[in-house]
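Student: Residue numbers (UniProt numbering), protein chains in the order written: chain A, 1 to 132; chain B, 1 to 132; chain C, 1 to 132; chain D, 1 to 132.
Read the hints as simulated data drawn from the structure, not as lab findings. Keep in mind that this is a model prediction, so the values were computed, not measured. There may be inaccurate statements among the hints.
Any copy, or any two copies together, can satisfy a pair, since identical chains are not distinguished.
As the list claims (entries may be wrong) - Mimicking EDC-like on lysine to aspartate or glutamate, the simulated pairs with C-alpha atoms at most 16 Å apart in a straight line are:
(1) Lys18 / Glu119
(2) Lys106 / Asp44
(3) Lys25 / Glu6
(4) Lys25 / Asp52
4 protein chains.
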Amino acid sequence: MNITLEQAEKAIAAAKKKSTAIDTKMNIAIVDSGANLVAFGRMDGAWLGSLDISIKKAKTARYFDMNTGLIGELSQPGQPLFNIEHSNDGLITFPGGVPIKNASGKIIGAIGVSGSSVENDHTVAVAGATSL
Amino acid sequence: MNITLEQAEKAIAAAKKKSTAIDTKMNIAIVDSGANLVAFGRMDGAWLGSLDISIKKAKTARYFDMNTGLIGELSQPGQPLFNIEHSNDGLITFPGGVPIKNASGKIIGAIGVSGSSVENDHTVAVAGATSL
Amino acid sequence: MNITLEQAEKAIAAAKKKSTAIDTKMNIAIVDSGANLVAFGRMDGAWLGSLDISIKKAKTARYFDMNTGLIGELSQPGQPLFNIEHSNDGLITFPGGVPIKNASGKIIGAIGVSGSSVENDHTVAVAGATSL
Amino acid sequence: MNITLEQAEKAIAAAKKKSTAIDTKMNIAIVDSGANLVAFGRMDGAWLGSLDISIKKAKTARYFDMNTGLIGELSQPGQPLFNIEHSNDGLITFPGGVPIKNASGKIIGAIGVSGSSVENDHTVAVAGATSL
Chain A
1 MNITLEQAEK AIAAAKKKST AIDTKMNIAI VDSGANLVAF GRMDGAWLGS
51 LDISIKKAKT ARYFDMNTGL IGELSQPGQP LFNIEHSNDG LITFPGGVPI
101 KNASGKIIGA IGVSGSSVEN DHTVAVAGAT SL
Chain B
1 MNITLEQAEK AIAAAKKKST AIDTKMNIAI VDSGANLVAF GRMDGAWLGS
51 LDISIKKAKT ARYFDMNTGL IGELSQPGQP LFNIEHSNDG LITFPGGVPI
101 KNASGKIIGA IGVSGSSVEN DHTVAVAGAT SL
Chain C
1 MNITLEQAEK AIAAAKKKST AIDTKMNIAI VDSGANLVAF GRMDGAWLGS
51 LDISIKKAKT ARYFDMNTGL IGELSQPGQP LFNIEHSNDG LITFPGGVPI
101 KNASGKIIGA IGVSGSSVEN DHTVAVAGAT SL
Chain D
1 MNITLEQAEK AIAAAKKKST AIDTKMNIAI VDSGANLVAF GRMDGAWLGS
51 LDISIKKAKT ARYFDMNTGL IGELSQPGQP LFNIEHSNDG LITFPGGVPI
101 KNASGKIIGA IGVSGSSVEN DHTVAVAGAT SL
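Can you make the complete structure from the sequences, with help from the hints?
Tutor: Below is the structure:
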């Protein structure tokens, strides 16, 4: 099963609302279960460099069906997945990417958020992911 | 001047409405005046391969401030811009990319649409570009 | 022997002067004998997409030590170099790229110009190439 | 607002002057507010490999509206942005990239300098950025 565009737009709207509430400007990307982009929005004044990062976070979260920050713990020097970021045309493995599940717990896509601290990015991503 | 996210979302909504009216499923991308993605939406069931094409059409329209189909006429064998598509990490030069202007006629971004015939793609792109 | 930065800036200044004289806005790139960028200037309001094209024209002219338009004649369908543009991370083979020679006729670099018709691009490139 | 070519050339001239004053040979790149190259100069004898680095530094500084060295502190192993360099087709996150502001403090572009120690690169970048 795949996230629909309507669901993706709902997730982006929820993420934007949370972003505004915590006074940040975000790039927000939603991918489907095939890790392909479904919807995207860059808030006015958000960092340009976060455009690509938000998409890579969403893809990374779906590629491995887990929060991106968890992969980042394993990709540190000396850890099992050191430099996994070199795969898939570039992964982003710090927080801000979160899988999106449907009501029965099945992963139907992922959200990636970038534009502030990784803590804020993750907070906004969770707001989007849990809005469906 | 740059297109805002609110304007970009309005353009996508208008494009989706036109797409549904002519019974098509489209990928719709909006870039700003710097040719960077502002908003994107892929309608349910739209071709996956059109995802990248829609973004490239939007970028191409802004790169040269004209409808993509016009460039395609000049890039044919024997024409002045043959194989211009090899530049800029890949241009798309058939119809479906259209510059977006503000009320005073200044280009503030562009829209790229892909998912059906090039005639339909162009029709939907115009619907989006003229909705602001 | 290599073009110096001082020579490259002189060529760009001459190209800008010619560009203004014929009422165009150009991207102007100069590469050295190793086909590496030495200097670049994008005139205010010039097409964004011509940035990459101007650099590719300069490189193409030096890669083969001839005007880019000559290569384009050979890269047409049915001609000996059909689709040579796929090499070297993308060539541009229409006019606007011209080798730069020193006083003794040795090639020391190349200029690439993009932003108008290929005729205008070539005219401006020649103005730059012959200014040393 | 975007940096003009005249401003960009003035910044490069100031950076070259500082570079000569401290006996270094630099690659100097200026991007506009859309992170697209506006002007570039490679001083005679400067490292070839620094060509790409100077452009990536300028883009990185504009992508995140801060000095590149600040990002590099956050991208170390164990830090929040570890391996962010894999995004945006390659970031450079050590010193030498600095945003450029207009008189009212608005960011209108960025400068990237590469060719010596990172301390020297940064010194030359600041000289360029503050010359307008």
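Student: Could you tell me which of the numbered hints above are not met by this structure, giving the numbers in increasing order?
Tutor: The structure breaks none of the hints.
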